[in-house]
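Take 0 as the starting number for the sequence shown in numbering that gives the first Met the number 0 and just add one per residue.
For the record, the hints were derived by calculation from the structure and aren't laboratory data. Do not rely on the hints blindly, as some may be mistaken.
Said to hold, decoys possible - Computed beta-carbon distance windows for the label pairs: (1) N2 - D25: 31 to 39 Å; (2) A46 - I13: 45 to 53 Å; (3) K5 - R33: 37 to 45 Å; (4) A45 - A16: 38 to 46 Å; (5) H7 - T28: 29 to 37 Å; (6) D18 - L38: 44 to 52 Å; (7) D9 - P47: 41 to 49 Å.
Each residue gets a CB set at the ideal place from its N, CA and C atoms; glycine is no exception.
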Amino acid sequence: MSNSGKNHTDTETILMALDQISQTIDVMTSVVGRLRTYLKQQESAAAPEKSRELDVELHPDRIIH
Numbered sequence: 000m001s002n003s004g005k006n007h008t009d010t011e012t013i014l015m016a017l018d019q020i021s022q023t024i025d026v027m028t029s030v031v032g033r034l035r036t037y038l039k040q041q042e043s044a045a046a047p048e049k050s051r052e053l054d055v056e057l058h059p060d061r062i063i064h
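My request is simple: use the sequences and hints to build the entire structure.
Put into structure tokens, the structure is as follows:
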């Protein structure tokens, strides 16, 4: 009988741990998504600057103010 109670407690502990892992994965997925969005925005914002730098490299005789 005491073994059955221990198994029930172990099962509850495992289910709680699995729930916490699931929540952690959800949070991490959200963070990765936000980081991906942030990096894409930074890349998009830097695209005109990179284009300008490339233009300077291709035409070094041009003066940019």
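Here is what the structure says about each hint:
1. N2 - D25: 31 to 39 Å: At 35 Å between Cβs, range holds.
2. A46 - I13: 45 to 53 Å: 49 Å, holds
3. K5 - R33: 37 to 45 Å: 42 Å, holds
4. A45 - A16: 38 to 46 Å: 42 Å, holds
5. H7 - T28: 29 to 37 Å: Holds, since H7 and T28 (Cβ atoms, about 32 Å apart) stay within the stated range.
6. D18 - L38: 44 to 52 Å: 31 Å, violated
7. D9 - P47: 41 to 49 Å: 59 Å, violated
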